[in-house]
Amino acid sequence: MSAPEGYIRIFGEDVPYIIYGQSLIEEFRRIRNMRDLNDGIELMESGLKNQKITDEERYDGLVNLADAMWIRFQHEGQVEDLNKAVAYYRQVFLLKPSSKGIFDGLACVLHARFEQEGRFQDLEESISLYRRALKKKDTADPDRAPTLDGLANALRTRFQQDGNTEYLDESISLHREALGLQSPHIESSHLYNNLANAVMTRYNQTGKAQDLDESISFYREALLLRPKPHPNRPTSLNNLATALSMRFSRQGRIDDLNESILLHGQCLELLSPHHPNRSGSLSNLANVLRTRFSLGGNIQDINESIELHRQALALRPPSHPDRPSSLNNLAIVLAIRFAEEGNQEDLNESISLHRQALDNFPSPSPNRADSLNNLAYALWVRFQRTGDGLDLKEAVSLYEEAIKLRPDPHPRRSNSLDGLANVLLYKFQKEGGRRDLDRSILLHREALDLRPREHPDHSNSLNNLAIGLRARYELQGNEEDLEESISLYRQALEYFPVAHPNRPGALSNLANALLDRFSTQGKAKDLDEAFLLRREALELSPINHPRRCEALKDLAQMHILAYERANSNPDLLDEAMKLFSEASSFFLQSSSSRFRKAVLWANHAERFKHPSALQAFDLALSILPELAAVGLDIQSRHDSLARESEGIARKAAACAIRASDFAKAVEFLETGRGVFWSQFLSLRSPMDELNDVQPELAKRLQALSVKLEKGSHRDSMRPDLNNRQKLSLEEEAQRFEKLANEWTETIRDIRRLKGFKDFLRPRSTSMLQMAAQNCPIIYLVANDGVSNCLVITSTKLHYIPLPGLANAVLSELVKLIRAAASEYQFPRSSIELSASSHLGLWKHGLGNDTNEDLERGMRRERHNAGHVTSDDIFIHVLEVLWDQVVKPVIDHLNLKKSNGPSRLTWCTTGLFSFLPVHAAGQYRTEDVDYAANYMISCYTPTIGVLLTPKTRLDDAFKMMAIIESRSLPSTRDELIKIEKHCRGDSLDKFGIPGSPASVEVVASRLSEASIVHFACHGKQDPTNPLRSGLEIGGEVLTIARIMKEVVPAGSLAFLSACETAAGDEKVPDEVLNIGASLLFTGFNKVVATMWYVVNYSTGMTSLKTSESRKMWDQDGPFIADVFYRELFKSPHGNRLTIPDTSRSAEALAVAVSELRNCGVPFKRWVPFVHMGI
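Counting along the sequence shown from 1, when you hit position 542 you're at 542 in my numbering, and nothing is skipped either side.
Hint data in this document are derived by calculation from the structure and do not stem from the laboratory. Among the hints, a few may not be true.
Stated by the list, open to error - Only pairs whose alpha carbons sit at most 30 Å apart, straight line, appear in this in silico DSSO-like list of lysine-lysine:
#1 Lys897 - Lys796
#2 Lys525 - Lys726
#3 Lys1044 - Lys710
#4 Lys738 - Lys664
#5 Lys796 - Lys726
#6 Lys404 - Lys707
#7 Lys699 - Lys726
#8 Lys757 - Lys738
#9 Lys815 - Lys430
#10 Lys404 - Lys430
#11 Lys664 - Lys609
#12 Lys815 - Lys404
#13 Lys754 - Lys977
#14 Lys754 - Lys726
#15 Lys958 - Lys887
#16 Lys1044 - Lys738
#17 Lys664 - Lys950
What the hints assert, rightly or not - Each pair of labels, with its calculated beta carbon distance range:
#18 Asp574 - Asp929: 51 to 59 Å
#19 Asn567 - Lys754: 52 to 60 Å
#20 Lys754 - Glu564: 24 to 32 Å
#21 Asp985 - Asn722: 31 to 39 Å
#22 Glu479 - Gly804: 29 to 37 Å
C-beta atoms are modelled at their ideal positions from N, C-alpha and C, and glycine is treated no differently.
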């Protein structure tokens, strides 16, 4: 026979659900089996719904059920249980509104719900209920102490919301009163513990050491009252350990830190693997290990901390109330390890975790401000590494929001003020906005005012304000700022005794400010003190601590200063170079940090002609590819190189040339230039030889390379994303970072194979010379001081100095060319002033105000009296290039005038990249002489690209012709000229009726083409070269989009468009132009144009002026006609059905020659160039 409804049969007796459920809950209290608690709750809920019970029974059942829900919430963290506890207590309250015990229960769960969901009305109601309960309990009431304790806890939470110290003071007073009462209903250890918590909160607000010491004393009392096996002993161990850790942070007493670690370890041992508090204990031990790491720099401490935090996170599923805390803690230690080892994967994961934490705190959560602060800080760190402006912008925004959520007198307002001030200072350093600097200083002053001398972060505020004032001194030169900065640095240093982990940084900061004062006032005592401070900073930096590399660098610079003052004592210089070497070889730092230190070493060594210069440059260039790691997207690679790399390869080559090591100079140039493209091509490296030896390794590398190349085209620069979308991008970045690490490890495995030690390493000079078997290669190396020319043949290297073409002169020549390329005429006086600003530049003047013609069909442009034409400027610039560059090369190679000259390849660097060296000549005299008489000029971005296997055309070759006839009607004529030479079945046409041109259609067909001809507008984007491209059908086929394609049969690309060989002015040595993108993507040869039309008076680019239209309307079809006529013609003059693209350079030379002989201005024939083999 079954039990009646609402009853359960136990040993033959029918027991009500409520009674049996209550017994199960009591059993849970005894043996802590969650199944008992869950079954008990289920039975009690069913019993209350279905049984006919008295109001007294319902009252007792609801009280017990509310208590059970509260207990389960404490164990599992489900907010639903907390909400039910609130609901059940409210039902109890309706049944017996005068019951004094119910006030406490409802107040307790409302307080807890506020801490979970941030509903302010819950906290206010909790405090009100506690106050009502207290009024019902006089001093003799044994239940008064628990109510005092509960109200005190709620008031402490209330203080944490707006910083009103009246709430905190009352909380402490109530805790003291509760401790003074003897109550059988609450343990003294509990009261000691909560009083300690409240006093600790006041310490965090005021920083008074007395509060911290008293708090520790109360925690010790609580621990003594909780011997083993007291269930709350782990709590007391944890609290005392945490307080000792805080005192260590304030006073630097190592005994406190060691005891804290010991106590946290004991706490963890007492908690079983499934104990609900184990995750918190793991986190706390991890945090003190992090602190010990900051002291000693033992990387094992931070690794153990990360592992403990990962364990804690695993114990806190998405529904756990402390999961956001674990996300935050793990994020912090990962960021620290990033700072030590420079592994971008750690930083990216840190930011991702902070974003996940922030998602758990929508407004108005009381924890949102902390989460905003943490994410902002991590983004700021990444900005310092990558220079990504979006990270900086977001960090500012997050700090601004955090400050709004922490109005004065919020206890942590100073943290947000300090963070925003730091970020604004960096923003000033990046963008130069004076308002950012001034606001940074004001915010630091406000933060300092909120952090009195007793505050644990007072010293940080002193230091940070000093940094801002020093920055303003460097901007304005106001000595009051510098003096205040020095004073603040000295005050900050007083807080850091010898063993304090922050002392080395404080010493370094004070030394920097003293050096500033020395540079203006020349007081030797400032220099001497700075030297001592930096030496002490190094001595206090352990061998394996990340800050050591900065201390090494700083002391090296001090030795340089001393060397300059000590009559060039060589011992000081040697010591400086030794310190620089150690600093830049120190691996516990980011790649960018190592690179900067290596460059600093190289520059000083070169400046003082120290023999370590070549070693320093070699190290710097070896680090350079790490800045454009294959795990990054292409935009990030470019941005990183743009920030760091410009000019380093040319400086290194100049150093090697001065050492007469011309082979090393060539290797430096090939290693340090075109890094963007070498990283791109490393993912497309052929693996035939590897596949023959180790097919599995080849397969693994191929799979990783395909994934990484695909990922490199992801868009990581999208603005205006919400936090969750940014989180998705962060997680994507982490995946590719891991793939990149796998790729790097695979490369290392391959290099261990016999015969593969140089796999994907930069080529040696002897290998590079193979590219010069058919024609010499001329490297033009632009530098400050003296530019250089390296003549490379298959057997020899020769050096030609270019003393008359330092960067200052080259810069003027580039300005003149850009002026000449425009459609304007210029006052003779302004041009002559610009040109004559460097000695010898304008030795022949501008010529007469006549309009006489030159020989061989060339005619000058007509000009107004008092003005100069573009031809006048071209004649001058091309003459300089002839005298200074081309003629010396001709003489060295013993080249002779010829109607069929051989090829010569120019590899230009720096400012040479913007000058038409191929057109250099003497056009002023009656006997015109120019480069084309002696050579057919080709250009190459690097020597390495010339070693790409050549594509041979056969009957199946395909040619694509893309025209933009809507905006350029002359391109229809250009297509007709092409059709005249190329047979119809080999020619695919786009941009005509029935076959419209679009970016995706054209890009997707590139892989099928052997020859591609674009007749359209070209655009070199001066702000972002990866957005440069060809305008097709109202869209732009960008460099970034071209890079997605693989062109296995690519032989020739003809770019009948402006600016396709223009290059990036910021990093010309990365050769980021449209022509180069097609060359590196797979085409062997490219015909392109060098420049655009410039409004010389404003510097504004104008691509669609009447002059530029005139240029292409007339010249595009003409050049194309002659070019393809020559390409489809055999050496005997017969017509070919398969074009001979090996003669493309000769074909272009003929076409340009015929256009020149038509008498067109220089600016119409000079820009055409041939790139590649």
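Verification of the hints:
{"no.": "1", "hint": "Lys897 - Lys796", "verdict": "23 Å, holds"}
{"no.": "2", "hint": "Lys525 - Lys726", "verdict": "52 Å, violated"}
{"no.": "3", "hint": "Lys1044 - Lys710", "verdict": "8 Å, holds"}
{"no.": "4", "hint": "Lys738 - Lys664", "verdict": "34 Å, violated"}
{"no.": "5", "hint": "Lys796 - Lys726", "verdict": "54 Å, violated"}
{"no.": "6", "hint": "Lys404 - Lys707", "verdict": "43 Å, violated"}
{"no.": "7", "hint": "Lys699 - Lys726", "verdict": "33 Å, violated"}
{"no.": "8", "hint": "Lys757 - Lys738", "verdict": "24 Å, holds"}
{"no.": "9", "hint": "Lys815 - Lys430", "verdict": "27 Å, holds"}
{"no.": "10", "hint": "Lys404 - Lys430", "verdict": "25 Å, holds"}
{"no.": "11", "hint": "Lys664 - Lys609", "verdict": "17 Å, holds"}
{"no.": "12", "hint": "Lys815 - Lys404", "verdict": "50 Å, violated"}
{"no.": "13", "hint": "Lys754 - Lys977", "verdict": "54 Å, violated"}
{"no.": "14", "hint": "Lys754 - Lys726", "verdict": "45 Å, violated"}
{"no.": "15", "hint": "Lys958 - Lys887", "verdict": "41 Å, violated"}
{"no.": "16", "hint": "Lys1044 - Lys738", "verdict": "22 Å, holds"}
{"no.": "17", "hint": "Lys664 - Lys950", "verdict": "27 Å, holds"}
{"no.": "18", "hint": "Asp574 - Asp929: 51 to 59 Å", "verdict": "52 Å, holds"}
{"no.": "19", "hint": "Asn567 - Lys754: 52 to 60 Å", "verdict": "55 Å, holds"}
{"no.": "20", "hint": "Lys754 - Glu564: 24 to 32 Å", "verdict": "51 Å, violated"}
{"no.": "21", "hint": "Asp985 - Asn722: 31 to 39 Å", "verdict": "53 Å, violated"}
{"no.": "22", "hint": "Glu479 - Gly804: 29 to 37 Å", "verdict": "43 Å, violated"}
Of the numbered hints given earlier, the model fails hints 2, 4, 5, 6, 7, 12, 13, 14, 15, 20, 21, 22; all others are met.
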